[in-house]
Structure formats: structure tokens, C-alpha cells
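Given the coordinates of chain E, work out where chain Z should sit on it, guided by the hints.
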Amino acid sequence: MTFYLSGFRSFPKLWKSNPYFELGPATSSASFFLTVHCVIENQQRWFSVKPATPPNSKTLNLQVTKAKTHKKVNDSDKQVSSDPHYFAAGAAKKRSLISSNLQNLGHALPVRSTVQLPTKPLNSEEWDKLKEDFKGKASFEDFIISQMARSCSSVDVAKSLLAWVAAKNNGVVGYNLLVKYLYLCVFHKQTSEVIDVYEIMKAKYKSLESGGYTLLIRGLIHSDRWRETLLLLEDIKKVMVPSKKNYGDCIEGALLHQDVNMAWSLYQELIGHNLIPLLETLKAFFDYGKDINDDHYSNQLLDILLYLKNNQLYPGESFAHSIKTWFESIPGRQWKGEFTTIQKSGQCSNCGRTIESIHLSPEEYEFLKEKIMRDVIDGGDQYKKTTPQELKKFESFVNSCPPFDIVIDGLNVAKMFPKSRESQNLLRVVSQLAQQNLQLLVLGRKHMLRPSSQWRKDEMEQVKKQAHCFFADNISEDDPFLLYATLNSGNHCKFITKDLLRDHKACLPDARTQRLFFKWQQGHQLAIMKGFQKSKLTFQHILSYDTVVQTTGDSWHIPYDEDLVQRTSCEVPTKWLCLQRKTPAPC
Amino acid sequence: MNMTIRFLRPFARCLVPYTFPRKRSNLYSTVVQRYMSSKVPSLSCPNKGSASPPEQLELDGWKATMKSSVQEDGVSEVLDKDEESLAATRELIEMWRLLGKEVPEHITEEELKTLMECPSKSAKKKYLRYLYCKKKKKKARQIKKEMKAEAREEAKRARLLETTGEQQRDFMFLRLWDRQMNIAMGWKGVQAMQFGQPLVFDMAYDNYMKQSELQNTVSQLLESEGWNRRNVDPFHIYFCNLKIDSAYHRELVRRYGEKWDKLLLTATEKSPVDLFPKDSIIYLTADSPNRMTTFKHDKIYIIGSLVDKNAQTGISLAKAKRLNLATECLPLDKYLQWEVGNKNLTLDQMIRILLCLKNTGSWEEALKFVPKRKHTGYLEVSEHSQELFMKLKKIKTLSSFQKGSLNVRTWKR
Numbered sequence: 001m002t003f004y005l006s007g008f009r010s011f012p013k014l015w016k017s018n019p020y021f022e023l024g025p026a027t028s029s030a031s032f033f034l035t036v037h038c039v040i041e042n043q044q045r046w047f048s049v050k051p052a053t054p055p056n057s058k059t060l061n062l063q064v065t066k067a068k069t070h071k072k073v074n075d076s077d078k079q080v081s082s083d084p085h086y087f088a089a090g091a092a093k094k095r096s097l098i099s100s101n102l103q104n105l106g107h108a109l110p111v112r113s114t115v116q117l118p119t120k121p122l123n124s125e126e127w128d129k130l131k132e133d134f135k136g137k138a139s140f141e142d143f144i145i146s147q148m149a150r151s152c153s154s155v156d157v158a159k160s161l162l163a164w165v166a167a168k169n170n171g172v173v174g175y176n177l178l179v180k181y182l183y184l185c186v187f188h189k190q191t192s193e194v195i196d197v198y199e200i201m202k203a204k205y206k207s208l209e210s211g212g213y214t215l216l217i218r219g220l221i222h223s224d225r226w227r228e229t230l231l232l233l234e235d236i237k238k239v240m241v242p243s244k245k246n247y248g249d250c251i252e253g254a255l256l257h258q259d260v261n262m263a264w265s266l267y268q269e270l271i272g273h274n275l276i277p278l279l280e281t282l283k284a285f286f287d288y289g290k291d292i293n294d295d296h297y298s299n300q301l302l303d304i305l306l307y308l309k310n311n312q313l314y315p316g317e318s319f320a321h322s323i324k325t326w327f328e329s330i331p332g333r334q335w336k337g338e339f340t341t342i343q344k345s346g347q348c349s350n351c352g353r354t355i356e357s358i359h360l361s362p363e364e365y366e367f368l369k370e371k372i373m374r375d376v377i378d379g380g381d382q383y384k385k386t387t388p389q390e391l392k393k394f395e396s397f398v399n400s401c402p403p404f405d406i407v408i409d410g411l412n413v414a415k416m417f418p419k420s421r422e423s424q425n426l427l428r429v430v431s432q433l434a435q436q437n438l439q440l441l442v443l444g445r446k447h448m449l450r451p452s453s454q455w456r457k458d459e460m461e462q463v464k465k466q467a468h469c470f471f472a473d474n475i476s477e478d479d480p481f482l483l484y485a486t487l488n489s490g491n492h493c494k495f496i497t498k499d500l501l502r503d504h505k506a507c508l509p510d511a512r513t514q515r516l517f518f519k520w521q522q523g524h525q526l527a528i529m530k531g532f533q534k535s536k537l538t539f540q541h542i543l544s545y546d547t548v549v550q551t552t553g554d555s556w557h558i559p560y561d562e563d564l565v566q567r568t569s570c571e572v573p574t575k576w577l578c579l580q581r582k583t584p585a586p587c
Numbered sequence: 001m002n003m004t005i006r007f008l009r010p011f012a013r014c015l016v017p018y019t020f021p022r023k024r025s026n027l028y029s030t031v032v033q034r035y036m037s038s039k040v041p042s043l044s045c046p047n048k049g050s051a052s053p054p055e056q057l058e059l060d061g062w063k064a065t066m067k068s069s070v071q072e073d074g075v076s077e078v079l080d081k082d083e084e085s086l087a088a089t090r091e092l093i094e095m096w097r098l099l100g101k102e103v104p105e106h107i108t109e110e111e112l113k114t115l116m117e118c119p120s121k122s123a124k125k126k127y128l129r130y131l132y133c134k135k136k137k138k139k140a141r142q143i144k145k146e147m148k149a150e151a152r153e154e155a156k157r158a159r160l161l162e163t164t165g166e167q168q169r170d171f172m173f174l175r176l177w178d179r180q181m182n183i184a185m186g187w188k189g190v191q192a193m194q195f196g197q198p199l200v201f202d203m204a205y206d207n208y209m210k211q212s213e214l215q216n217t218v219s220q221l222l223e224s225e226g227w228n229r230r231n232v233d234p235f236h237i238y239f240c241n242l243k244i245d246s247a248y249h250r251e252l253v254r255r256y257g258e259k260w261d262k263l264l265l266t267a268t269e270k271s272p273v274d275l276f277p278k279d280s281i282i283y284l285t286a287d288s289p290n291r292m293t294t295f296k297h298d299k300i301y302i303i304g305s306l307v308d309k310n311a312q313t314g315i316s317l318a319k320a321k322r323l324n325l326a327t328e329c330l331p332l333d334k335y336l337q338w339e340v341g342n343k344n345l346t347l348d349q350m351i352r353i354l355l356c357l358k359n360t361g362s363w364e365e366a367l368k369f370v371p372k373r374k375h376t377g378y379l380e381v382s383e384h385s386q387e388l389f390m391k392l393k394k395i396k397t398l399s400s401f402q403k404g405s406l407n408v409r410t411w412k413r
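Just so you know, the protein sequences line up as chains E and Z, in that order. Throughout the first sequence, residue numbering follows this note's numbering, covering 1 to 587 in sequence. Throughout the second sequence, residue numbering follows this note's numbering, covering 1 to 413 in sequence.
Calculated from the structure, these hints are not laboratory results. Mixed in with the good hints, there may be bad ones.
[Claimed, not checked] Mimicking SDA-like on lysine to any residue, the simulated pairs with C-alpha atoms at most 20 Å apart in a straight line are:
| no. | chain 1 | residue 1 | chain 2 | residue 2 |
| --- | --- | --- | --- | --- |
| 1 | Z | 259 | Z | 179 |
| 2 | Z | 101 | E | 93 |
| 3 | E | 168 | E | 140 |
| 4 | E | 244 | Z | 122 |
| 5 | E | 93 | E | 562 |
| 6 | Z | 368 | Z | 230 |
| 7 | Z | 121 | E | 235 |
| 8 | E | 202 | Z | 89 |
| 9 | Z | 113 | E | 240 |
Only chain E is shown next, with the shape it has when bound in the complex (with noise of 0.2 Å):
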């Protein structure tokens, strides 16, 4: 649903079409509000960088009714025509839809009462009337300022409340009252106003705290005093590391005045400090590098394309389409972008590359084998996940048999279909797939061996005429045995289950051998898609290409995330932007 309200939120035009939405600013915290904020920023900056395409709202528009249709489609679960692939962007949040038919959301908004708000510069009779209309657990100064960052009054409200609590208190502003007027002059971008609190501040307080930085911070980047934001970031860095906000702003400062080499500087401290620089920060490098025309700094530019690479971070909709413009920007070069899909083959649609290829390379591949042993089956303990002895057996039957071609999870596919009987599930599976010629590993535990209502005996002794079979003990995990199965017969080797296996990723160590786990699995998983019961097994697609930036020299494939989909980190975003130098025409 939130994206929903991401798109209404950035068109007030919008907001009246629909009641529900109207009572959110109100009511949403301040923290919110920067956010909104953020995205009404990002969208002018998207018009101005695409001055040329007026009917931008209008697109927008077609957008946000794409993605009504879209959901009513999977209302009356009737997606079949587009089969995104098990990893494909939102394809979690259908799936969930789909099995739980959704429910719309509860529409009681908790608003609690306040005191009216005023819109307008008040005198001291008419606060300390307001005062003495209000009883409420905190101090009324405290509480009303924070209604009005909450609801983003004006500031010249703001500081009419100031001014009374000045002179109730000989000229004395209580700190917290400070900071959330420096919020709404940030807020409204008042920028005179921000230095003057900044003064006030230096000269009353030796040191700030974070909050306090980081919003002096952003509201003095605009000014001509912007360089004193270095020195506020100085003073975070004596108490704590600051943060990636901090940084991105500091570099936004330096770009906005042109100092390219202390915004680079800073953002080597940033990477150097194990942060992960936030997209705005990037995305503001680009649209810098379109006025300048020097190699050292593409050269840089190029870097932070491959920092995306390495870290398997993908750009947003609009900084996909500052890379766009920066690229078409440089001269003499004569790159041109479109934005594309990439075809089932592993083919860019727009120039018919081939996509990276989604298998490891042999190290990367021995690498992973050898990590999945010890942290996710041996994990320093290994009767946490099964005993010695069943881990001895398991490796001297995975030896003694030739490689398999594909794993199943038993307990998995059998239970896909609660309707019908489970080993009768795996049955219809194995004997499927063994039609195909295929060498199958079956695991298991040894409860379903045991002849119930659910698992009867002529069909596992069925399976295991057909299959491999493994059974593990009841209390073993069955998962760890899949992966190093599957691992363990080569690259070629396939395993069937649903399971996202994010509790075994989350085993390993560090982020690096996590993502290459992803990339595997992603080209190893097989997903039964639901609706087969009476037809044949069909299985989710797999990914014959791996999703990430990647460069041959005269082209870029750079996957990017819409504005409109959202995208849990277990999948991976549709959309390419393919950018390639044209070839200088045979003459």
C-alpha cells in the first residue's frame, strides 16, 4: 500500500481525489515529513533535469493507475500472463497476496485531539489564553511546538512562540524548543533564519548534540557559510562516527559551491568508515558531472558504478535517469541510453548483448561450497543442525552416488498441496521429473518412512525406486543437506524447493559470501508454480543472467529500481538501463 501513498503524497493535486490520504500529513511524525519531503524534492529535480517531456504528471498518473489494474488483477487472482521469475521484483508481495486474499487496510486513523493549531502570528495574551486552554501531561511550550513540526506551521508562528516563551523567561529558550525551530526553518528552508539560530546556538551552547548538527548542517549547506558545516561535522566525529545523512549532505554543500575536491574527499572518508553512502549522494555526483567536462572526474564517476557493482546496489528510478544524462552529456563520445528489459535469454532487448552470466566462476564456486560446510551445517557446533555420525553418512552417500542433477526438498514439495495426500505430492513430482532422465536426490526425514494417513508406503517405496532418497533424522535440519547436496554435484545441479532460505544466509559470515549465496541460489532455484495439481509440473523460471551493473567498455547494462515497486532484498529489480556508444556510422 505505501506506494500508493508515495504516489498521491508527491501530487497534492491528488490529495483532494482522496479522503484517507488528507488526515496523513497531520498526523504522520516529523521524521515522516522529511521523507515526503524528499520525494517531492526528488520529483522537481526529475523535471528539471527532463525539461523537455511536459506530460510528466500525466505519466506519473498512468503509472499510479497501472499499478490500481495491477492489483485488482491479483484480487481475482487471475496473473498468469506475466511470469515474472521467483526473484523478480514484488513477486513476494504477489505471492502473499495471492495465498492471503488482501484485506483492505483498517482505515481508523489514530489522531489524538489537540489544541487548534494557530495559522498566524499570536501576541502573549493570546498564548497564555491558549495556554490555559490546554492541560496535558507535558509542558505546553514542548508540546505545541512539536504539533506545529508535526504539521509544518510557519515559521513566523513558530517564532511568535518563541518570542512569548523569551519573555516569560528573560530572554531564555529552552534548547529543545530551539532545535524544533531549527527543524521547521530547515523544513521551510528559511535560510537567513538558520544562521541566525546557528549564532544563537554558538554563542549559548559549547557543543550540540547530534540532531542539532545534523540539521544545522542541512539547512547552512545552502548558504554562503557552508564551509562551517565542515567544522559541525568535525564535532560530530570527536563523540560518534557521523552518519551517511550527515556525509551526503556535507557533499551536497561542497557540490552546490562548486568544491568537487573536498566532495570527494568526503566521500572517501564516508566509504572509509564502512558506510553505505545514501543513493541521494551519489545521484547528486552525477547530476554535478553534467557541467564538467574532465576525465579525472568520469573517471570517478565510473568508480561509483562499480562500488555499486561490487556492493550489488541498484539505483533508483530517477538516479537511473541522472546516469542516463550524464552519460548522453559527454562530449565527443556519443553514448546513448535507453531504458529496457532483459529478454528470458539473457539478452538486453534494446542491443541484444548478453547479460553478465548468473553462474560463479570456479573459485568463487569452491569458495561458497567450502563456506556453506562450515557455517551453515557445521556452524562451530555440529549438533546444532544434525550429529557426526548422520553428517559422515551423508557425505560418504553423496559420494557414492554420481552427481545428481536436481535436489529436492521432500518435506517441501510435499507439503505444497495441503489437499492432497504428501507423499502422493512427491510422488507425482519425482516421477515427473524422472521421465526426464534425470538423476534425482530425494532428502527427507526419517518420519516419513513411517506409514501414516499422510505418507504411505507403496508410494515411498515408489520414490525410492525413482530417486536417491536421503532421510535425515527427525530433528535434523534438512536444508544444509540441500544446499551442499546441490552444491556438491556441480554447477549443473538443480534443487527444487519454496523455501527463500534466508535463515541459512543469514549463517554466513559477511556480506560478500551472502551475496554470492543469492547469486547462486538464484540460479539454482527451482520454484514449482502453483496451479500444476492437474497439469503438467512447471516451475518458476530461472534467472539465466545475473541482475547487477556491468560494463563491456562501450556499454553499461545498469539494473534500477521503479519509484512505484516495492522490492524486498530477496529479489532483484526488472528494469535495465542499457547504454552504449554509437558506433561511428561506416561512412
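For chain Z alone, kept in the frame of chain E given last:
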């Protein structure tokens, strides 16, 4: 505007219950007002200059006084780097306090050092919050204590006025109840040491726990021991795998003080497997696949003394598997309608359940010690009522009127 008001009306209806009755009169205007004020920025920003307040309020005067107020300055300039960061942290905490965040008012050197050792920002915030709550509780206790002392004084004075006429009264006992109780409990404890059923606390988990978890564990151990001591027929408690000078041992000795050496229990460095025959041991763990049906008086139950806030599942099951011991878990699902929370119970709850089982053998009685918040009730009772409910529902659905009302109910939910 008309349109928006009409839209708001349905919301306003569901807002009313949340509002103070006092505010009800001007509710509509509030909502509309808020709606308008939320739109103010986009409207008023561009023409801010022209929309200056008509009364010409004095708005900027406070700034001058704020700027002129001198900052208190009393810090020497020569500070080495460590001290500087310590001082900066102190200031940060002070500013946070001004902002109304949950940080302690005063912080000692030692606490500050611990704070600096916290690896991340969120760890620091958590620790500060912990200190804040601790200080707050301490203060509240102090106040309560003072009030009690005052009340006692008052009562004493009143009694002095009252009991002017001295009179001799006959008593059978001197007032030495506490001591008598202690001695009696000591006797029972000695008997348990000789003939009692062993109950083992396995202390081999100290490297799975952080300091705070370890302290919680020790608190729970203390409480368990106390419950056991007061029982009619106490267990003979064993602290197994308790290494001398481990963190566990040090904490236990610190908490018990000189009483540690006089405790009527067996603390040993040995493993339970060395002390008892393997086939009579049952390891109690919530991860076990086997459900405990009855309390057996000839078995030795082991409880892992582990507070696990990291949710690292299966540690104690792995341990039992390694030693090849039988495992069991409490039949919580069988008897209780489980609602929220972990199936892991605290050590003192475990020992109370076991003591109760030992003395009465009734699960309903024993599972009273499971926290009420974790379950909605006993299952057998609810099963009966569920059947009844289904029957009633069947009858009800026959008549269409009732059906309609049922629908309304579900819709409301």
C-alpha cells in the same frame, strides 16, 4: 471545503472515542484546522514577505538576548585526546537531556567508560536508556522509603500517646519468627541434601551469554534457590559445570556474599553425566521433540541455566544431543492456549512448576506458574466451550436474522 468536511465526517465519528470529552465541542474545527495548517507551507511560503503579521509583533527580540547570554566557560584547554572525547561525550549526554531524551542526569566515570566501549550508536543509546531507567527507579524507591519512614514516625508518636497504661500480657512465644523459619528451612535443606531428589542446573553456557544476560541468569538462580528452600519437600540442587573463577562463579559469590559457603546445595565443576547414571537423566529444553507426560520421581532433571536474548535456537538441545541424553519439554501446548511469547520459561518458573508437579502431580496446578500474559487460558476448558460454541453457532446460522448479526460482528472486527 464543503467536500472535505463531508469526507471527514466518517472519520470524525471514529475519532470521538479517542478524544477527551472536553474537546468534543470543537472537534470538527480542530480537524479542519489541522487540515488547513498542514497545507499551509505550500501556500504561505512563496508570499511570505507580503503576509507579514498585521499587528507587527516583536518577533526577533528574543534572539538578541539569547545571543548576548554568556556561555559558562570553565574548561581548561590542555586535554589529551581520550579526555577530550570523554568530555565531549559528557556534553553530548547533557544536550540530549536538554532535548528530553532518555539519558541519565549524572553519569559516573565508570559508566562513561562502558559507554565509550559500546561498539555502535544504537548500543550507546540503549545503554544510556538503561542507565536512565535505573536511575529513575532508584529515585522512586528513595522517595517511597522516605515516605514510609515518615509514616512510621507518625505511627510511633501516636502509639506513644496511646499506650500510657502499661499492662502485662501473656505470650507463648518470643517474636523470633524469621529466625525460626530459617532454622526450619535449614533442617529441611539438610534432609534434602541427604535424601532429596537431585535437580541439576547446568552452568556450561557462560560463553553464550553477554554480561547483562549472565546477571539476569544469576538473579533467576537466586530466586529459584529461594523457592526451593521454602518448599515442603525441596529438591537437592546441583550447580554442575560451575568452574571456579568463571564469570558465573564470581557473580554468584558476589550476590550471595558470605552465605555462598553455607548454601545447602552442591556446586561442582563436574558434568552431570559424571555424577549420575546417563539413563536416569532427562534434559529439559523447549526445543525437545518429546513432551513430558508425568513427573518421574526417580529421574534427574537438568535445567540449562541460560538466558538467551539473542534467540540462538537449539543450544541446549545440541548439548543434550552431544551427551546423548534424553530430552523433554513441558506440555505447554497441550494444556494452554498459547498466545504470545517464547516457550522458554525463566528458571524460577521452571523450578516452581517442577516443585508443584513433585508435590501434587497435577499439570493444571503446576502450569499456574506460566505467566498469564503468555496464554489465554487452559485448553481443556476452552475445548469444551469451543464445542459448545460450534453447536450454538450451527443453531444460530439456521435463522437468517442471527446470521446477519454475526456478519455484522465479523465486519466490525
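Taking the hints in turn, this is what the structure says about them:
Straight-line distance between C-alpha atoms of residue 259 of chain Z and residue 179 of chain Z comes to about 15 Å, which keeps the hinted pair within the 20 Å bound. Note on residue 101 of chain Z and residue 93 of chain E: the hinted pairing is violated, with a Cα-Cα distance of about 37 Å set against a maximum of 20 Å. About 13 Å separates the Cα atoms of residue 168 of chain E and residue 140 of chain E, which keeps this hinted pair within 20 Å; it holds. Using a Cα cut-off of 20 Å, the hinted pair residue 244 of chain E and residue 122 of chain Z holds, with the two alpha carbons roughly 15 Å apart.
Between residue 93 of chain E and residue 562 of chain E the CA atoms are separated by roughly 15 Å; this keeps the pair inside 20 Å, and the hint holds. About 18 Å separates the Cα atoms of residue 368 of chain Z and residue 230 of chain Z, which keeps this hinted pair within 20 Å; it holds. Our distance criterion of 20 Å between C-alpha atoms is met by residue 121 of chain Z and residue 235 of chain E, whose separation comes to about 16 Å. For the hint pairing residue 202 of chain E with residue 89 of chain Z, the CA-to-CA distance comes to about 18 Å; that is within 20 Å, so the pair holds.
Taking the CA atoms of residue 113 of chain Z and residue 240 of chain E, the gap is about 14 Å. The hint holds against a cut of 20 Å.
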